[in-house]
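Engineer: Chain by chain, the residues:
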Amino acid sequence: MNSEETTVAGQRSPEERRIGVYVCHCGGNISDYVDVKRVVEAVKDEPGVVVARDTIFACADATQQNMEEDIAQYGLDGLVVASCSPKLHTVTFRGVARRAGMNPYQYTQVNIREQDSWAHTDDPDGATHLAISLVKGGIARTRLTTPLEPLVVETTQKALVIGGGITGLRAAIGLADVGLEVFLVEKERELGGWVGRFGTMYPHDRSGHDLIAQLVAEVKRRANITVFTNAELMAKSGSFGNYVAAIRVNSDLPELIHVEVGSVVVATGFDTYQPEVGEYGYGIDGVVTLPEFKALIDASSGPLVYHGRPVKTIAYIYCVGSRQPGANEYCSRYCCAATAHAALQVSGLDRGVHQYHLYRDIRTYGKYELMYTDSRKHGSVYMKFPDDSPPAVARTESGTLIVTTRDTLTGGEELQIPADLVVLVTGMVPRKNDELMDLLKLPVGTDGFFNEIHPKLRPVETVVDGVLIAGACQGPKNSTESVASGLAAVTQSAAILKKGFAELDPLVATVDAAKCTWCEKCIDACPYSAIEKAEVAGRTVAAISPSICKGCGGCVPVCPEDAIDLRGYTDAQIRAVIDSMLEEPVA
Amino acid sequence: MSALVDAGLLADVQKFGAADVSACYSCGNCTAICPLSDNDGTFPRRLIRYAQVGMKDALLGSKELWTCYHCGECSDTCPTQADPGGFMAAARRYAIANYDRTHLARTMYTSPVAGSVIAILLAACFALFMYASHGAQSTTSLNLFGFIPEPLIHNTGVVVMILVFLAGLAGVIGMARGISRREGISVHDVVGSRAALARSGRALWSALAVESLGQLRFRTDCESVQAEQPWYRRRWFIHASTMWGFLGLLTATILDYGLALVGIKATGTPVPIWYPVRLLGTVAGLFLLYGTSMLILDRLRKANRAASDSTASDWTLLVLLWITGLTGFLIEIALYLPSPPAWGYWVFLFHVSVAMELVLLAPFMKFAHAVYRPVALFFYALAGDKANAAR
Chain B
31 MNSEETTVAG
41 QRSPEERRIG
51 VYVCHCGGNI
61 SDYVDVKRVV
71 EAVKDEPGVV
81 VARDTIFACA
91 DATQQNMEED
101 IAQYGLDGLV
111 VASCSPKLHT
121 VTFRGVARRA
131 GMNPYQYTQV
141 NIREQDSWAH
151 TDDPDGATHL
161 AISLVKGGIA
171 RTRLTTPLEP
181 LVVETTQKAL
191 VIGGGITGLR
201 AAIGLADVGL
211 EVFLVEKERE
221 LGGWVGRFGT
231 MYPHDRSGHD
241 LIAQLVAEVK
251 RRANITVFTN
261 AELMAKSGSF
271 GNYVAAIRVN
281 SDLPELIHVE
291 VGSVVVATGF
301 DTYQPEVGEY
311 GYGIDGVVTL
321 PEFKALIDAS
331 SGPLVYHGRP
341 VKTIAYIYCV
351 GSRQPGANEY
361 CSRYCCAATA
371 HAALQVSGLD
381 RGVHQYHLYR
391 DIRTYGKYEL
401 MYTDSRKHGS
411 VYMKFPDDSP
421 PAVARTESGT
431 LIVTTRDTLT
441 GGEELQIPAD
451 LVVLVTGMVP
461 RKNDELMDLL
471 KLPVGTDGFF
481 NEIHPKLRPV
491 ETVVDGVLIA
501 GACQGPKNST
511 ESVASGLAAV
521 TQSAAILKKG
531 FAELDPLVAT
541 VDAAKCTWCE
551 KCIDACPYSA
561 IEKAEVAGRT
571 VAAISPSICK
581 GCGGCVPVCP
591 EDAIDLRGYT
601 DAQIRAVIDS
611 MLEEPVA
Chain P
407 MSALVDAGLL
417 ADVQKFGAAD
427 VSACYSCGNC
437 TAICPLSDND
447 GTFPRRLIRY
457 AQVGMKDALL
467 GSKELWTCYH
477 CGECSDTCPT
487 QADPGGFMAA
497 ARRYAIANYD
507 RTHLARTMYT
517 SPVAGSVIAI
527 LLAACFALFM
537 YASHGAQSTT
547 SLNLFGFIPE
557 PLIHNTGVVV
567 MILVFLAGLA
577 GVIGMARGIS
587 RREGISVHDV
597 VGSRAALARS
607 GRALWSALAV
617 ESLGQLRFRT
627 DCESVQAEQP
637 WYRRRWFIHA
647 STMWGFLGLL
657 TATILDYGLA
667 LVGIKATGTP
677 VPIWYPVRLL
687 GTVAGLFLLY
697 GTSMLILDRL
707 RKANRAASDS
717 TASDWTLLVL
727 LWITGLTGFL
737 IEIALYLPSP
747 PAWGYWVFLF
757 HVSVAMELVL
767 LAPFMKFAHA
777 VYRPVALFFY
787 ALAGDKANAA
797 R
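Top line first, the protein sequences correspond to chains B and P.
So the mapping is simple: this note's numbering equals the position in the first sequence, first residue as 1, plus 30.
So the mapping is simple: this note's numbering equals the position in the second sequence, first residue as 1, plus 406.
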């Protein structure tokens with residue numbers, strides 16, 4: 031017997047439950063194809079159902095209030111809403127239950143829109159039968175629900191920041207200022223990352239070197255920040271709110287330091303795309319990448335000279351390594367504005383330089399558009415080349431560097447630009463960070479960057495609770511956007527750590543110690559390393575850490591002894607759903 | 407074939423005007439509003455783009471450059487005040503300077519001081535040269551050729567004409583080559599077959615008669631911006647008055663020489679005012695004087711887009727034309743006065759010197775459009791003919 035099925039004090043037996051069922055019209059989205067009234071009629075006499083109604087919009091405020099009144103008036107202990115996808119409104123109706131004094135985990139959402147009315151617009155009768163069947167299944171599950179309470183975990187008031195670039199530095203300062211103790215780990219000998227190596231940057235024309243110096247000074251002023259340079263994260267153990275990180279400092283005497291932290295902010299940044307030899311002439315003397323060019327102009331105080339030759343004509347080729355079908359398909363976001371800015375920097379050094387920008391699309395979004403306009407005013411010529419006809423770079427026998435391209439605005443005639451310097455505007459690529467990915471269980475997208483849970487609603491959280499991502503390790507960002515996401519990670523860290531405890535979803539897997547034989551099959555199935563060996567009553571069994579478990583259910587079917595059950599989705603509940611659905615013949 | 411770009415092209419064109427054209431971002435409003443731009447040739451946007459990108463051959467080899475009459479609608483509509491019409495004018499000056507191998511045109515356009523000095527010095531040179539062979543100033547009758555020998559004027563004129571012809575021919579050949587390369591037209595396409603000859607004949611008729619002498623599209627398409635003006639104040643009439651006046655005087659001069667050749671009337675023989683050749687010269691001179699006076703007034707008052715931006719070279723042409731016309735009339739007055747005034751001789755010397763200079767400088771200043779525009783219009787008509795055949 032699993033804990034879920036044991037009789038809870040005051041819990042009614044399944045047949046005596048008092049369940050309210052609400053079937054939603056969704057304003058016609060459902061009722062145009064499903065006979066909602068018939069569904070209500072078909073389920074109102076199911077065992078345990080006390081009240082069954084149809085609603086035009088179940089999610090409307092007034093309807094929610096009616097449900098709350100029903101719960102109070104009829105003394106309901108179970109709630110079923112048949113409407114849209116659980117992704118949309120599970121939280122909404124759990125809220126209805128909570129406000130009316132019912133345990134929110136005794137609510138079941140049944141999806142009769144995406145999985146029924148929208149999919150079977152050609153068969154109203156069949157759709158109605160399916161709806162009846164789905165709702166009966168939902169009622170069957172609800173009969174077996176038990177009240178569940180969130181897991182409460184105490185949290186350590188400390189944070190770990192991985193990466194000492196502009197994002198990590200600013201995040202560390204922010205974390206320190208909300209009163210958390212901070213450990214900052216940087217792999218390189220010096221703090222600062224990419225920005226620390228840059229001269230003047232857009233849009234404020236302040237040098238990256240100065241920005242980093244200012245941040246490092248701020249870090250030093252804060253006693254609650256400990257910086258480890260030349261250091262790496264080697265291991266992470268523990269669970270949400272109480273991780274233990276092992277940091278190796280690579281000095282003459284390498285040492286391993288263990289620190290306890292409540293959250294981890296990953297700000298490991300990006301690499302720049304490195305073109306292959308021959309790609310747009312890369313490898314030819316006079317063909318450089320944007321970072322190489324930036325270093326050249328940052329080091330110049332007058333007219334540009336490259337390898338002893340004066341630079342009077344520059345050709346920029348955009349989107350090198352970005353927006354390439356089959357490879358890096360994303361836009362690297364920072365490069366258009368960075369190049370417009372570099373062109374202005376060049377004009378400042380030498381007004382007589384001719385600058386050709388060969389682009390696919392210019393994306394100097396937002397305020398950076400002004401830099402684009404400004405660079406045009408300073409004589410930069412922007413030329414769009416057709417997607418199917420990218421520029422080619424070659425050095426002629428006479429030694430002239432020639433870029434062959436087409437300008438869409440003059441009808442696509444082939445043109446040859448004699449250039450002193452060709453700049454390949456290279457984008458961002460994800461850093462090779464396999465060890466860190468394995469260690470932190472960071473989810474990675476198909477593009478190779480770390481993935482957040484939701485780009486709008488949870489932009490810096492990962493599926494691993496307490497592990498947050500910020501800056502360009504998430505995807506291409508400029509430094510402004512990177513710092514903003516670093517501060518979002520600060521806020522999120524504060525939100526989960528500052529009250530001293532965290533509440534976790536109780537929908538996790540549990541082990542029946544009496545059945546478990548410690549065959550270790552579940553260990554391999556768990557993607558979160560939530561399962562460990564434990565001794566219970568003299569026997570070796572599996573124990574699942576509820577604060578690490580994400581409730582994915584991966585371990586449940588692999589257990590040969592049926593010893594694992596998932597709270598909220600117990601074997602008994604799922605079986606009951608299947609059985610009751612089978613009772614309803616589908617036309 | 408790909409074109410090697412000239413990164414300095416725009417800056418070079420801007421020495422001839424078009425100060426604001428860098429602001430152009432190729433939206434194409436100018437092409438949309440232009441009453442002349444059509445499927446046979448689109449401008450001004452494309453030509454501005456040529457200059458920005460550095461496509462020198464494309465710019466110099468564009469027939470569209472010379473189809474524009476600078477009505478200025480494009481500049482009025484331009485969202486970035488890039489003055490496309492002003493650019494077209496500047497690009498035409500640039501083209502004249504580029505077709506000329508001597509750099510004289512470039513100097514006159516880009517250096518107002520040098521241009522003015524050249525204009526004054528050249529007139530002075532002609533005057534001194536003529537005066538060096540001067541004879542007596544008769545007080546009984548105004549014997550002009552007694553003062554400056556007729557053969558000297560005639561022979562100097564012939565030499566000047568030959569020089570001008572050679573310079574103009576070189577320019578026209580350069581231009582025609584450039585355009586035909588851009589348009590993909592060979593000599594064979596123009597004169598290689600009976601059909602080609604017929605096509606070229608039609609194009610020539612359109613370019614010379616209909617558009618150049620008749621100013622058809624200038625009158626019908628480009629004058630909406632001046633709709634409130636009376637006909638005699640409109641740009642097309644002022645231009646026609648100047649052009650026909652000049653051509654009338656040229657014809658009168660040739661006829662006068664012709665009459666001497668066939669022995670009907672020796673040059674310089676006094677004739678009554680109603681004598682046909684004299685009458686033609688008088689009427690043509692009036693038209694020329696009216697046209698040039700109005701052109702000068704319009705420029706002084708910046709009366710329209712075309713007149714609002716004047717270079718020293720523009721002024722030189724107008725002033726030379728106007729002086730030639732005015733001094734011509736003064737001589738005519740002197741001729742019909744009962745007793746010959748002494749100033750008649752000096753005005754005559756001045757008139758001859760300025761007229762010589764006017765002819766000699768023709769290929770090196772705005773006057774050159776009289777040759778270049780018909781050439782471009784010929785290619786334009788040829789392209790239109792070809793497109794019509796394809797349709």
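These are calculated hints, taken from the structure and not from any lab test.
Honestly, I wouldn't trust all of these hints.
Unchecked claim - Listed next, the in silico DSS-like pairs over lysine-lysine satisfying Cα-Cα at most 30 angstroms (straight line):
{"hint": "1", "chain 1": "B", "residue 1": "K407", "chain 2": "P", "residue 2": "K421"}
{"hint": "2", "chain 1": "B", "residue 1": "K414", "chain 2": "P", "residue 2": "K421"}
{"hint": "3", "chain 1": "P", "residue 1": "K708", "chain 2": "B", "residue 2": "K407"}
Engineer: Each hint: holds or not?
Structural biologist: Hints, one by one, checked against the model:
{"no.": "1", "hint": "B/K407 with P/K421", "verdict": "holds, 17 angstroms"}
{"no.": "2", "hint": "B/K414 with P/K421", "verdict": "holds, 27 angstroms"}
{"no.": "3", "hint": "P/K708 with B/K407", "verdict": "holds, 28 angstroms"}
Every hint from the earlier list agrees with this structure, and none is contradicted.
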